[in-house]
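Residue numbers (the UniProt record's numbering), protein chains in the order written: chain A, 1 to 185; chain B, 1 to 338.
I should point out that these hints are in silico values taken from the structure, not numbers from a laboratory. Since the model is a prediction, treat every value here as computed from it, not as a measurement. Treat each hint with caution, since some may be false.
Lysine to any residue pairs mimicking SDA-like chemistry, simulated, CA-CA at most 20 Å apart [as the list claims (entries may be wrong)]:
| hint | chain 1 | residue 1 | chain 2 | residue 2 |
| --- | --- | --- | --- | --- |
| 1 | B | 280 | B | 252 |
| 2 | B | 335 | A | 149 |
| 3 | B | 25 | A | 24 |
| 4 | A | 140 | B | 80 |
| 5 | B | 57 | A | 77 |
| 6 | B | 335 | A | 164 |
| 7 | B | 38 | A | 65 |
| 8 | B | 25 | A | 26 |
| 9 | B | 38 | A | 63 |
| 10 | B | 57 | A | 94 |
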Amino acid sequence: MADLDLPSRQGFAPDAALPTGLPGEIPLTITINGERRDLHVRPWTTLLDLLREDLHLYGTKKGCDHGQCGACTVLVDGQRINSCLSLAVSRDGCEVTTIEGLAAPDGALHPMQQAFIEHDAFQCGYCTPGQICSAVGLVKEGHAHSAEEIREGMSGNLCRCGAYTNIVDAIGDMLAQETSQEAAK
Amino acid sequence: MNRFSYARPGSVAEAVREVAAPASKVLAGGTNLVDLMKYNVERPAHLVDVTRLPGLKAIEETGEGGLRIGALVTNTALAYDPRVQERYPLLSSTILAGATAQLRNAATTGGNLLQRTRCYYFYDAATPCNKRVPGSGCPAIGGVNRIHAILGTSEQCIATHPSDMAVAMAALEAVIRVSGPGGERDIPIAEFHRLPGDTPERDTNLGADEIIVSVELPAPRFATNYTYLKLRDRLSYAFALVSVAAALDMDGGTVREARIALGGVAHKPWRVPEAEALLKGVVPERGAFSLVADRILEGAQGFGGNSFKIDLAHRAILRALSQAAAGTPQSQTDKRIQ
Ligand SMILES: Cc1cc2nc3c(=O)[nH]c(=O)nc-3n(C[C@H](O)[C@H](O)[C@H](O)COP(=O)(O)OP(=O)(O)OC[C@H]3O[C@@H](n4cnc5c(N)ncnc54)[C@H](O)[C@@H]3O)c2cc1C
Ligand code: SF4
Ligand code: FES
Ligand code: FES
Chain A
1 MADLDLPSRQ GFAPDAALPT GLPGEIPLTI TINGERRDLH VRPWTTLLDL
51 LREDLHLYGT KKGCDHGQCG ACTVLVDGQR INSCLSLAVS RDGCEVTTIE
101 GLAAPDGALH PMQQAFIEHD AFQCGYCTPG QICSAVGLVK EGHAHSAEEI
151 REGMSGNLCR CGAYTNIVDA IGDMLAQETS QEAAK
Chain B
1 MNRFSYARPG SVAEAVREVA APASKVLAGG TNLVDLMKYN VERPAHLVDV
51 TRLPGLKAIE ETGEGGLRIG ALVTNTALAY DPRVQERYPL LSSTILAGAT
101 AQLRNAATTG GNLLQRTRCY YFYDAATPCN KRVPGSGCPA IGGVNRIHAI
151 LGTSEQCIAT HPSDMAVAMA ALEAVIRVSG PGGERDIPIA EFHRLPGDTP
201 ERDTNLGADE IIVSVELPAP RFATNYTYLK LRDRLSYAFA LVSVAAALDM
251 DGGTVREARI ALGGVAHKPW RVPEAEALLK GVVPERGAFS LVADRILEGA
301 QGFGGNSFKI DLAHRAILRA LSQAAAGTPQ SQTDKRIQ
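Only chain B is shown next, with the shape it has when bound in the complex (with noise of 0.2 Å):
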């Protein structure tokens, strides 16, 4: 680990000003960052310990029905919210089916959002990776790419985004907001996350002088018909291959409106709402759904290593669907799929 300064300040504002330091970095539970701090992939100057901050650890509820969630709020003070168990069951399972209970207990809102790629070339600060030095070059095109993206990549990147977290928060059309030197502004999650393009070293569109304050999400509509599907090589502690979130607002017994997210597939958490479409007004049968799985996937690519995940996506979204209008949602305890 290279060294570096260290503050801990004691407002947001004062945590805004010293982020706009040189190569600072924010510090929340470390999980990611102290991390990738060890491989030399992250060589902060400075950090900014924002654990302290005062109003950034609450879970409240807004004017508009729905909850706010401090940045600080750990994953497991989150998941097992009462009021997230019962309005956001899908976020609840969602965060409960990622890392360890060790882990959730440290990572919080706002750095799980921004937790960086698992990408090998990534982490190897001894092979070239255009998002950790740009312009030399992507490895995984070509390379091992067993857990890359089939949506949405370009020539110059194609890693995913590690969040199961993001995934529900996707479906679920959470609203960031975030602080800067000008003041706050809130960041739909649809455009939090960005696609690699030709700038695969910006994850997202948080600027450098601005942090994370909250997570709000909007009033609750998928309480029944939700499921979570996360699917990898080992049962547990392992990152999502695919997953899917599937999340359907039922009128009697047909779709009013129907969330798809998934992860593990592209850069950001992929949602397509021209494909959710298709299932308004409609009976929740196989067929709708396979239709509605051919439109999420349209354009996918596999690299060689990945290319199995566009079937296994497929088959995902299908069994994820059922499980939502069935209203079982996935166990994250007992792995069987049914």
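Okay, chain A solo, but in the shape it has when bound (with noise of 0.2 Å):
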């Protein structure tokens, strides 16, 4: 993250706390995509700006960076979280799974992928990667059964476009495939 050269004003702890010298990279082992990397971040790197900035995964995207949009939101040890609020030291030695890393080896998409296309789920796209990951872990949860619930389960992930239907949609369907196979077993 930028260390934005600000000038002291008001609310600002006395800058005297500050440690004097730039405190060194730290070691990071966090798997990304099935992919273990081992790399070294500066504390203060969000784990979405190190998909982004450092790794060159756009598809995780920044909306609002204050955890009130949810389009960072990644999968981490499989579970939804907002990437842009949680930083990327903290998650060492954790599993993310980020838009890259839903489809299948052989680019075949994921069944949530699918169902945002089959059911027009988004239109200019920027909420879209934050949604599908949400959706996956929403379904996941287990505790959405109904339009109701998918609704208030994805209340963290706002599209400006106004796809709500679509999305909730989608997810109705994946969670119906979903209820079928495990009837049909």
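Build the complex from these two chains, which are given one at a time in their own frames, with help from the hints.
As structure tokens, then:
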């Protein structure tokens, strides 16, 4: 993260309290989309900036950078989180899945990606990687069974284009498929 | 974000030593701290990442029939723990009323209690704010204060504590266990958060050299007649303007004990035990609830933008007590208020 060279203003802790000299980069071992990476990062790098700026995985989007939009949603150890509010160093040893890691190695789309296409669940597409990662997390959590529960469970993903209706339909379709597969077993 | 040094201690004792460093901060889920660091509101010199501390991610039974929740248990893990859902459904429901699935997956029990106010001026380092810079003034008084407090305010600060979870924990009389250089001590939740008074920069009574290790819930008593009613500007993903955690321990048709805690109205979860006592031995009905609401809101003061909260809180208390008495808790999915 760029360290802003801001003029001193009200509200800053006294700079005397800051360490002198730049603390070194910190070793970080993290598995991203199945690939183990041994990296060095500065402690103030967020997981989102690590993905985009250092690893050039631009699928994960930065919307607000403050946990308020969900565009940066990724799966960490299978759970959806906002990568903009997570420091990369604190995720040492974790497994991260981004939108780039959802499709099969042969390129076959993840069923959730397919469902989004079939239901026309996006317009500009900016929120879509976050929506899809979040939806994958939601299905895995297993707490949503109705359209209402999908809407509540997906409330952390805003869509400025307003594709919500089709997003809920796409996820509902996936859930129905999962349920019928479970029933068939 | 400013530059800082980083440590990832492997034991609570080591973490306590690390937080003793000047201008250090504990990092848990990061969902509040990292946000505030991006706004240059928090500028720690040293970050102590406690996420790897052993033993703080468990929910265990206590000898007294309660539950001990490790400080690192996530909001998600806590809300969906079967023991919590069964014995403390008020807590589960309250947590699910807060934030979003993504945030709850990262947010921890300790971090949630220590999250800071969402006061707009506190967040804007270009404006004065007594909480951020003691003595600089409080622009919320006489400024934009729709989300601010109506109870327990001071001339220095009218901020609210934004946590939902803490409101249920206040109603359930949770006890917070902290660890510091002198060992461990317990702080009842009623004494954990502070009123702003002349020291609005201090949100809680946690020492700068202490960390939260766990939160203990006493044996369950309010698993049937409870509700968490959260009123806000959007139906989801918004902080409470007013919220009410209500729990009744019923003895046939009358109330044995009532607990009522309010969120969004003060610098801490707001409880008035004398008001709760008015319900003791009483048949729960609207007339009695109204007296309770009057008592809870005694001395409430609006600041213009937030004056609507006084009436809103009164009605919310009535409605929450009706929901609790009927055993029909507010759904956190279907937001229609019954
Ligand atoms: C967009 C958005 C919406 C939200 N909506 C809601 C909502 O509706 N309701 C609600 O209740 N909350 C809401 N939240 C807040 C969220 O619940 C908190 O950010 C979260 O609970 C903080 O937990 P954390 O583990 O991420 O804490 P951190 O951000 O890691 O830490 C928060 C503070 O606690 C300190 N800390 C953490 N753990 C310890 C410990 N063990 N010992 C000592 N100090 C510690 C840190 O130093 C820091 O000061 C929202 C947040 C965002 C970004
Ligand atoms: S209400 Fe408190 S936090 Fe907000 S500006 Fe005033 S002093 Fe700061
Ligand atoms: S970019 Fe992370 S929530 Fe908006
Ligand atoms: S598709 Fe444009 S923001 Fe969602």
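Status of each hint after checking the structure:
1. Annotation: proposed proximity of residue 280 (chain B) to residue 252 (chain B) holds, straight-line Cα distance about 13 Å (limit 20 Å).
2. In summary, the hint linking residue 335 (chain B) to residue 149 (chain A) is supported, as the alpha carbons are separated by about 11 Å, within the 20 Å threshold.
3. Only pairs whose Cα atoms come within 20 Å are accepted, and residue 25 (chain B) paired with residue 24 (chain A) is accepted, the gap being roughly 19 Å.
4. Note on residue 140 (chain A) and residue 80 (chain B): the hinted pairing holds, with a Cα-Cα distance of about 14 Å set against a maximum of 20 Å.
5. Between residue 57 (chain B) and residue 77 (chain A) the CA atoms are separated by roughly 15 Å; this keeps the pair inside 20 Å, and the hint holds.
6. At most 20 Å may separate the alpha-carbon atoms for a hinted pair to count; residue 335 (chain B) and residue 164 (chain A) meet this at roughly 18 Å.
7. Only pairs whose Cα atoms come within 20 Å are accepted, and residue 38 (chain B) paired with residue 65 (chain A) is accepted, the gap being roughly 9 Å.
8. Distance restraint check for residue 25 (chain B) and residue 26 (chain A): the Cα-Cα separation of roughly 18 Å lies within the 20 Å cut-off, and the hinted pair is therefore satisfied.
9. Of the pairs offered as hints, the one joining residue 38 (chain B) and residue 63 (chain A) holds, with about 14 Å between alpha carbons and a cut-off of 20 Å not exceeded.
10. Simply put, residue 57 (chain B) and residue 94 (chain A) have alpha-carbon atoms about 16 Å apart, close enough for the 20 Å limit, and the pair holds.
In this structure, every one of the numbered hints holds.
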